[in-house]
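Novice: Modelling step: build the complete structure from the supplied sequences, incorporating the hints.
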Amino acid sequence: NAGVTQTPKFQVLKTGQSMTLQCAQDMNHNSMYWYRQDPGMGLRLIYYSASEGTTDKGEVPNGYNVSRLNKREFSLRLESAAPSQTSVYFCASSVTQGGTEAFFGQGTRLTVV
Amino acid sequence: KNEVEQSPQNLTAQEGEFITINCSYSVGISALHWLQQHPGGGIVSLFMLSSGKKKHGRLIATINIQEKHSSLHITASHPRDSAVYICAVTYNNDMRFGAGTRLTVKP
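Chains E and R supply the protein sequences, listed in that same order. Read in this note's numbering, the first sequence has 65 at position 65, and its numbers run on one by one without any break. Heads up: take any position in the second sequence, counting from 1, add 113, and you land on this note's numbering.
Incorrect hints may appear among the rest.
Some chain R residues judged to face chain E by a derived CB distance under 10 angstroms, without partners named [unchecked claim]:
hint : residue
1    : G154
2    : A201
3    : G213
Here are the simulated DMTMM-like cross-link-like pairs (lysine to aspartate or glutamate), alpha carbons at most 20 angstroms apart as the crow flies [what the hints assert, rightly or not]:
hint : chain 1 : residue 1 : chain 2 : residue 2
4    : R       : K167      : E       : E101
5    : R       : K219      : R       : D194
6    : R       : K181      : R       : D207
7    : R       : K166      : E       : E101
8    : E       : K57       : R       : E128
9    : E       : K57       : E       : E73
10   : R       : K168      : E       : E101
11   : R       : K181      : R       : E118
12   : E       : K71       : E       : D38
13   : E       : K9        : E       : D26
14   : R       : K219      : R       : E128
15   : R       : K167      : R       : D194
16   : R       : K219      : R       : E130
17   : E       : K57       : R       : E116
18   : E       : K71       : E       : D56
Listing some non-contacts, in silico: residues in chain E with all C-beta distances to chain R over 12 angstroms [what the hints assert, rightly or not]:
hint : residue
19   : V4
20   : Q6
21   : Q37
22   : E52
23   : Y64
24   : N65
25   : R77
26   : S80
27   : T96
28   : Q97
29   : V113
Simulated from the structure, these hints should not be mistaken for lab results. All C-beta atoms, glycine included, are put in the ideal place defined by N, C-alpha and C.
Specialist: Pasting the structure below:
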């Protein structure tokens with residue numbers, strides 16, 4: 001049982017380049033999330049999708065876009081990468097939004113030079 | 114100000130010691146989560162609780178709703194327990210995370 005699968009695991013981008021982080025879950029969860037993790041700080045919510053067909057901004061959405069492609073897949077796009085977006089990104093899913101156990105992917109370590 | 118504060122930030126223990134990690138929060142919550150992040154980065158959920166106490170193997174999590182405080186205890190610690198432990202709370206359908214406690218258990 002794969003759980004939450006994120007790709008890629010590592011990526012180096014030049015400033016101004018674009019990329020898409022992919023996330024898929026096989027647990028039939030309704031809600032999916034993208035977080036970033038920076039040293040000394042807790043995970044911060046970038047965007048979330050409470051259910052298929054909906055997406056909403058989280059705490060730090062600037063510079064990112066998302067697509068809930070179907071119930072399984074939730075992608076995060078950086079249109080023009082900046083050094084401030086150097087971080088570790090985590091995708092997560094849960095049965096419903098809030099109050100239920102969250103399952104996390106393995107993370108993507110992104111460096112923008 | 115972060116809604117979730119953890120202490121200590123770093124903790125070093127000898128194998129076999131009893132370990133306590135603390136979490137305080139400042140908002141009304143529907144649930145509190147303890148997560149474990151190993152070197153290599155993956156995050157796994159250890160506990161989700163809204164009252165009382167839960168136990169899984171050598172790990173025990175407690176919560177005091179009135180005092181807005183939770184503790185994670187590890188009994189008979191082992192080097193494989195070395196990881197970052199993260200406290201998170203759910204409120205208003207949102208999840209907020211503490212900065213984590215880095216635990217190192219030496220043999």
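Novice: Any of the earlier hints contradicted here, and which numbers?
Specialist: 8, 12, 19, 20, 21, 27, 28
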